[in-house]
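The listed protein sequences correspond, in order, to chains A and B. All the letters of the first sequence, read from the start, carry residue numbers 1 to 106 under this note's numbering. All the letters of the second sequence, read from the start, carry residue numbers 1 to 106 under this note's numbering.
Where hints are given, some of them may not hold.
[Unchecked claim] Away from chain B, derived, C-beta distances all over 10 Å, residues of chain A:
(1) Ile18
(2) Ala21
(3) Thr92
[Said to hold, decoys possible] Derived CB-CB ranges, DEER-like:
(4) B:Tyr101 x A:Ala30: 29 to 35 Å
(5) A:Glu64 x B:Thr20: 35 to 41 Å
(6) A:Thr76 x B:Arg50: 27 to 33 Å
(7) B:Asp31 x A:Tyr88: 21 to 27 Å
(8) B:Gln71 x A:Arg84: 44 to 50 Å
(9) B:Asn24 x A:Arg50: 23 to 29 Å
(10) A:Asp31 x B:Glu74: 36 to 42 Å
(11) B:Gln39 x A:Gln4: 32 to 38 Å
Hints are computed from structural coordinates only; laboratory data are not their basis. These figures come from a predicted structure and were not determined experimentally. From the three backbone atoms N, C-alpha and C, an ideal C-beta is built for every residue, glycine too.
There are 2 protein chains.
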Amino acid sequence: MIAQTPQPPYYAVIFTSIRTAVDNGYGQTADRMVELAAQQPGFLVVESARNEIGITVSYWVSLEAIQHWRQHAEHTLAREQGRREWYYAFKTRICKVERDYLFENQ
Amino acid sequence: MIAQTPQPPYYAVIFTSIRTAVDNGYGQTADRMVELAAQQPGFLVVESARNEIGITVSYWVSLEAIQHWRQHAEHTLAREQGRREWYYAFKTRICKVERDYLFENQ
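Just chain A, with the same shape it has in the complex (with noise of 0.2 Å):
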C-alpha cells in the first residue's frame, strides 16, 4: 500500500533517473541498495515506479541521515556504476517534507 511516515516534518530524496540499456547487474544492485539504505539509522521507507523515467523516493527522519546513507562506501560504488553504465542522467533532490495528506478508500 502507500509507504507509512511519521507526522512532519521528515525528508524525503528524490531520485529521478533515465536508464541505459546496460543491465550488468543493475537490478540486483538496485535491490541490495532498498535493503542496505533500510538497515541505516534514520530511514523511514522508500518507493519507486518506472516508466520512460524512473522515480524513486526515500524518506528519512534527518538531513544527517541522508548524509550518513551517501556517504556509505557500497552505496558510493553503486553510484559510481549507476554514472558509469546504467544512467544517461539522473537528478538527486533533497527535500523537507512539510505537511502531508492521505486518501483512503474505505
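Given the structure of chain A, go ahead and fit chain B onto it with the hints provided.
Coordinates of chain B only, in the frame set by chain A:
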C-alpha cells in the same frame, strides 16, 4: 530528459497513488490536470511514473503557488472524482527542495 528546475529552494508535491481498475475518463482527466497545472502561476514542471504504484512529482516556485493550484475549481472536482472512483489510496506530500544534484552522461 530529466525535468529542469531552478536553483533551490523551490517546492515539490509528491503524489503517490494506487489506482482502482476504474477508467471512466481517468487518462483524459490526468492529461487535462497536467495541462491545467502548467498554466498556473508558479508552476515549474511535472514528472510521473507508474507500476504497482504511481508517483507524480510536480515542482513549484512557492507554497502559495501550490495552495492556489490546490484550490483551483477544476482540480478540486478531479480530486473528488479521484477519491470516488480512480484511487484506492493516495498520499500528497508538500516539500521544500533544499538541495539538488544533476548527473548527465557526456
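Now the hints, each set against the structure:
{"no.": "1", "hint": "Ile18", "result": "7 Å, violated"}
{"no.": "2", "hint": "Ala21", "result": "13 Å, holds"}
{"no.": "3", "hint": "Thr92", "result": "5 Å, violated"}
{"no.": "4", "hint": "B:Tyr101 x A:Ala30: 29 to 35 Å", "result": "19 Å, violated"}
{"no.": "5", "hint": "A:Glu64 x B:Thr20: 35 to 41 Å", "result": "39 Å, holds"}
{"no.": "6", "hint": "A:Thr76 x B:Arg50: 27 to 33 Å", "result": "30 Å, holds"}
{"no.": "7", "hint": "B:Asp31 x A:Tyr88: 21 to 27 Å", "result": "26 Å, holds"}
{"no.": "8", "hint": "B:Gln71 x A:Arg84: 44 to 50 Å", "result": "46 Å, holds"}
{"no.": "9", "hint": "B:Asn24 x A:Arg50: 23 to 29 Å", "result": "26 Å, holds"}
{"no.": "10", "hint": "A:Asp31 x B:Glu74: 36 to 42 Å", "result": "41 Å, holds"}
{"no.": "11", "hint": "B:Gln39 x A:Gln4: 32 to 38 Å", "result": "34 Å, holds"}
In terms of the numbered hints stated before, the structure departs from hints 1, 3 and 4, listed from lowest to highest.
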